[in-house]
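> Mind assembling these two chains? They're in different frames, but the hints should get you there.
Chain residues, written in single-letter form:
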Amino acid sequence: MMTLNQLHIGQLATILNVNSDNALVRLCDAMGLIPGAPVTVLRRARGKGPMQIKSMGTLYAIRSDDAELIQVVAA
Amino acid sequence: MKELAIIGSPNCGKTTIFNRLTGTRQRTGNWPGVTVERKDGRLNLADQQLNVVDLPGVYSLHDDIQGIEARVAHQYLSEQNPELVLMALDATRLPRQLALLPELLAMGKPVLLVVNMLDTAAAEGIKVDLAELRKQTGLPVVGVTASTGEGFDQLKSAIASLLVAYPALPKTVDVKAVAAACYVENYGVTRTERIDHWMLHPLLALPIFLLVMYMLFTISVNLGAVFIDFFDIVLGSLFVETPRWLLLSLGAPEWLQAFVADGVGGGVQLVGTFIPTIGCLYLCMSVLEDSGYLSRAAFVIDRMMAKIGLPGQAFIPLIIGFGCNVPAVMASRALGQVSARLTTIFIAPFMSCGARLSVYVFVGTAFFPSQAQNAIFALYLLGILVAIASAWILRRSLFANVEAANVTEMPAYHKPLLRNILTQTWHRLSSFIWRAGKRIVAVVIVINVVSSLGSDGSWGNQNTEKSALSVVGKTLTPMFTPMGIGEQNWPATVGLFTGLFAKEVVVGTLDTLYAPPLVQASDEVSLPSYGADLAEALASIAENAVGLVTAFTDPLKITATQEEITAQQPGSYQAMQNLFPSAWGAFCYLVFILLYAPCVATIGVMQKEAGQVWLSFSVVWSLLLSYWLATNLWHIALLFSAPLAAGSWIVGSTVLLYVAYRLIMAQMRRGMRDQIPVVNL
Chain A
1 MMTLNQLHIG QLATILNVNS DNALVRLCDA MGLIPGAPVT VLRRARGKGP
51 MQIKSMGTLY AIRSDDAELI QVVAA
Chain B
1 MKELAIIGSP NCGKTTIFNR LTGTRQRTGN WPGVTVERKD GRLNLADQQL
51 NVVDLPGVYS LHDDIQGIEA RVAHQYLSEQ NPELVLMALD ATRLPRQLAL
101 LPELLAMGKP VLLVVNMLDT AAAEGIKVDL AELRKQTGLP VVGVTASTGE
151 GFDQLKSAIA SLLVAYPALP KTVDVKAVAA ACYVENYGVT RTERIDHWML
201 HPLLALPIFL LVMYMLFTIS VNLGAVFIDF FDIVLGSLFV ETPRWLLLSL
251 GAPEWLQAFV ADGVGGGVQL VGTFIPTIGC LYLCMSVLED SGYLSRAAFV
301 IDRMMAKIGL PGQAFIPLII GFGCNVPAVM ASRALGQVSA RLTTIFIAPF
351 MSCGARLSVY VFVGTAFFPS QAQNAIFALY LLGILVAIAS AWILRRSLFA
401 NVEAANVTEM PAYHKPLLRN ILTQTWHRLS SFIWRAGKRI VAVVIVINVV
451 SSLGSDGSWG NQNTEKSALS VVGKTLTPMF TPMGIGEQNW PATVGLFTGL
501 FAKEVVVGTL DTLYAPPLVQ ASDEVSLPSY GADLAEALAS IAENAVGLVT
551 AFTDPLKITA TQEEITAQQP GSYQAMQNLF PSAWGAFCYL VFILLYAPCV
601 ATIGVMQKEA GQVWLSFSVV WSLLLSYWLA TNLWHIALLF SAPLAAGSWI
651 VGSTVLLYVA YRLIMAQMRR GMRDQIPVVN L
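In order, the protein sequence lines correspond to chains A and B. Reminder that position 51 of the first sequence reads as 51 in full-length UniProt numbering, one-by-one numbering, no gaps. Reminder that position 27 of the second sequence reads as 27 in full-length UniProt numbering, one-by-one numbering, no gaps.
Just chain B, same shape as in the assembly (with noise of 0.2 Å):
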């Protein structure tokens, strides 16, 4: 099958003009070696099929200046030899949109420029002479405005002939001379500076910024979690109950269900009850992006992130990241520099997610229901605080020779596309599901493996004193004494296994260990009733759509998580104010399940998006500064009642915390070089 490629620069409509020309007919994958999305479509012609590429966007073929981005294109040009390259240009910004022809020319590929958004060049009071540009660089030329499909006819049918014949390539094209004959600027006001003088003025342009921010907080963290529950609850039913009865029924032994039911069964439903959410953030994202908002959000709050080296962009990953840091690691691919996409990896998963919120509020509200609310505000900026001073640090150690520029292009203000919204989304979504997911289901399946696996060999003992997890939970307790943990307390430090598959989890774990339930819940296994469960399902939804009403007052769920598990009223707070030593121990457990490691699902994104290098040295940073941080907490409460000891604990442990953090760094430092174009996969 013939091939045909769409090269452009970022922002020009590139991926627009490929939805036009392909249509559903698309599939993704990756560029050989690199996670460098590549997307190819089906373009039907009169008489043939084609296959259309949609290269990576880029201002140029060096690499030097793009990194990974212009080497696939460059490699791919020269390899691969398509047909022909269509190569898109935004009229707006024709000019500077120009600059890649001469490489491509010189690469000797037939071009067919195509010139986009024509629609907003009118719209800003810009003239763009196609027929000029035509002459002048003696290249065939077609002018579309992609998202209205305008101008598509003619141009399948410019391709159409000239696959048949390709007029003689010209050698060079002046791109200066060429500009200035077929493109008239607006030295007036444009339609996007107007309106950037409300976006960006300087009173009113926080305000916005801030209900934006809101609204999209509001939406992808709070409308997505109204549909968790129906996936919980379907994907349960089919690939966790049905299998297990299949087995059982099957006389299989129960290793393998352990394995199918909870392991695979289990890790599937987990990757579902992520869809909703990362689907609305997606959703939100490419509605910011495609309207041209999210640059100029960017150069709001950039003067506050350039404070702890971070560019503007970076902004958006670190506040969505309160809801979910799943998300927040994938939004973060939308930063161009290495550097700073990887900072802001690291420092995702100390945002509080919502997760993390049910825990404090199942511990706070045992031990100090009167100061509840604080104790969680103070978990929440001891999140930010420590995501502050580990950029400040990565920026000093790490990245300190490495130059960072700060300019980006601002896009022309314009009415985002519902399809090209939505195939952005089904895209990012998918590979969320196929690629993370991947990963989130083998962690799980360790997990759930070891949590079934009894003492004695035998299987099925979830939350249980004689599961294998249990048995290392207490072996493993002596490492928390530390921090307020006592012996008899292994609960809590089963909870921090558990806590990995999700930090919601951990409730659950303690719920049961610390008052195990006097009667086990028959083991009768059914299968389960699809059409119940379906209802269960589509009722969830509807119950969540209602408290979706005071989320726009409590868009962090605080007071609803209060009221839910007031409601509750567990039976294991008594055990666990038996077993912690006092409030301040229960703050410091907080404090290190708040830090001490990402929960799977981010695991699985963070190895996706950053490399297993980079994954290692975020979790190895997490645990060693989480465990001092919740045992100095700890001690400086001991400091009057045993000041020896504690004091020598604090300045020990100190100190051992500044070695253990100049050999990662010094072994950081030294696979930097080769890591980073290795990370920046």
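Only chain A is shown next, with the shape it has when bound in the complex (with noise of 0.2 Å):
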């Protein structure tokens, strides 16, 4: 099973789940990071540091700690 920080940047990956039950379920949601959408990674800044996503033509930043609750399977 992967996570989405663990995507390679430009691997191009689909949402299985949103694994917690916080907000940032309802943020993803809201925002449609939902089960199902493609994701691509574009960027990350070194360590814990924010993440740069695309998903069907929107650019999102994500904390990889927050991404780390995201689970992909990559394409």
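In short, the hints are calculated from the structure, not lab data. This structure is a prediction, so every number in the text was calculated from the model and none was measured. Every residue gets a Cβ at the ideal spot worked out from N, C-alpha and C, and that includes glycine. Heads up, a few of these hints could be off.
Pairs of lysine-lysine residues, derived as PhoX-like cross-links and limited to a Cα-Cα distance of at most 20 Å, are as follows [stated by the list, open to error]: (1) B/Lys156 to B/Lys109; (2) B/Lys109 to A/Lys54; (3) B/Lys127 to B/Lys176; (4) B/Lys2 to B/Lys39; (5) B/Lys474 to B/Lys438; (6) B/Lys109 to B/Lys171; (7) B/Lys307 to A/Lys54; (8) B/Lys307 to A/Lys48.
Across the chosen pairs, the derived CB separations fall in these ranges [stated by the list, open to error]: (9) A/Asn19 to B/Val189: 24 to 32 Å; (10) B/Thr24 to A/Asn19: 44 to 52 Å; (11) B/Glu132 to A/Ser20: 32 to 40 Å; (12) A/Ser20 to B/Leu422: 25 to 33 Å; (13) B/Ser161 to A/His8: 46 to 54 Å; (14) A/Thr14 to B/Asn51: 38 to 46 Å; (15) A/Gln6 to B/Gly125: 50 to 58 Å.
Here is the structure:
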């Protein structure tokens, strides 16, 4: 099982599940990062820094702590 | 009048569409019960006038995700029944943007889809098929480019015809299928990604970020400062001197003069001096927001801010705080999360502002002229450390259970639009003037009446030993002995009160109280000569503009302030040097000045942005902490001469501070569940 923060840069994947029952799920829901949505990592800052991801034409900034809770399947 | 509502997610160009439709025929207000801004405007169609309401930007109408904004939008839609709902969609992110549509249809609202930013979509290599969108959704669709005004004629005629007859509303829409049919993503590298390659470059991102922040600070603080004297002089002439003369000529009692001229007039004058700084700040902020760089700046600094438990976006209010705390508190409104917004508002006043600098320089030059630079640096650093510590404490104790998710959209870059920026700046500025201004004037009236009232019942005793404020200062002075302020040094205590007006006022108070002018200024009051005042005001702009050149090398103006004060050679230095026990005592006093309480203007905006409870919490915390810090620094110096007394003070006060901290936190935690929504208003 992979999480969003483990993806290589440029690798295409699909969101499987947002593995948390807190604000993150609701936020991801509202912003469209829902199970089944495609996602690519564009860049990541060093260490625990944020990542820039792209999903269906929209760019997002997400902290790697939060990305760790999002399960993905690499395409 | 028929009503039209515009809804859409944040950053979809909703407000640009609103501005295009209504032009300058707008007014702002608040949604009932909350301080989420409500914008109304007039739209003139061929045969009728419409009221247009700009709803808050929301991703969803469920209020558990977006809180107040979503609640406001939902409540409006369900209760107000607008004739037509314009749903603004950013063409570059169409699939996401459509997510709100099923909720609108479920409410049975007549929807007109307005697809915006078609030019950006074209530049990004994204294809949007409007005809297909119309076919798939069964809803009317208009494509526009709000930044240029393209498509607005069609939009207006579509609105006009839909008001006459609206086609049958589809029951549901399969958003996914619609998106797939009418939107072709650019799978290559888009323009925004190419710009991001540089803006978020591993090596260049930080230098670019620092350059932008430096420009933001220099322009908003220093360019704004050029016009402060202008407002000060003109408003002083109109609102302070004129009513004083009028009241005197009418033979009005002195208390009325103190109330009207010094209180109300002085308050208006004080609010006015903030206009240029806040205007310039919002001008810069709007450019950053509109261009799309703001979310990149947050990305760059996010890792550092995460360490104190704040999102990257919180960096901007804090850096602005070094210029002035008032716009800093106001800028924290851009933070989405309640806990992050409250924390930022809480710690922003610890950023040492430009006004406090003049006090440091004034006192510092008297006591440690050769070390002034280092002392000032130490004070700035101390402010930052206190801010970091407070943020850490809040996060641990108060917001420990608040789940914070940090996912934000990064909008595509586009060219900022002048008319948008100006309207937005104006809205924010007028919100400061009218809403925060009222509170500021109220506090100024109170302080001014107390400082004008003499102990013998006479009026007009500002900055003299006789004023009620000086009497209060004298009475309270023993409280400050633990930080090295002796009985005779009561002017220092009075300075703390007048410093509430604005920190730089401390300089004037200390200067006059330590060395009272021998000859009282003549009491003659004449009608101000408006021509001369205006000329002086205009001259001040030119004069300050010359100083702007040095602002680029010395943005905090440390050297300039030093030169100014040294040039004046204040006569009060000798008295001050005699009354303060030592240079260290003076430094402890400065530490207290740095932290004890924000000025009235900051207090006014804090109350507006965070609510009464949070404001009181913040002020109590600053007072306790600054007192503890200043007295302990003073006692550390006493450790050698009187180890027992000093040691027991340090231990005792620390224990007391800890107990007070536990009590406050318990109090806040208890109220937090109810408080947060209230404070969030």
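> Now, for every hint given, state plainly whether the structure supports it.
Status of each hint after checking the structure:
no., hint, verdict
1, B/Lys156 to B/Lys109, "holds (19 Å)"
2, B/Lys109 to A/Lys54, "violated (32 Å)"
3, B/Lys127 to B/Lys176, "holds (16 Å)"
4, B/Lys2 to B/Lys39, "holds (16 Å)"
5, B/Lys474 to B/Lys438, "violated (30 Å)"
6, B/Lys109 to B/Lys171, "holds (11 Å)"
7, B/Lys307 to A/Lys54, "violated (25 Å)"
8, B/Lys307 to A/Lys48, "holds (10 Å)"
9, A/Asn19 to B/Val189: 24 to 32 Å, "holds (31 Å)"
10, B/Thr24 to A/Asn19: 44 to 52 Å, "holds (50 Å)"
11, B/Glu132 to A/Ser20: 32 to 40 Å, "holds (37 Å)"
12, A/Ser20 to B/Leu422: 25 to 33 Å, "violated (42 Å)"
13, B/Ser161 to A/His8: 46 to 54 Å, "holds (52 Å)"
14, A/Thr14 to B/Asn51: 38 to 46 Å, "holds (45 Å)"
15, A/Gln6 to B/Gly125: 50 to 58 Å, "violated (29 Å)"
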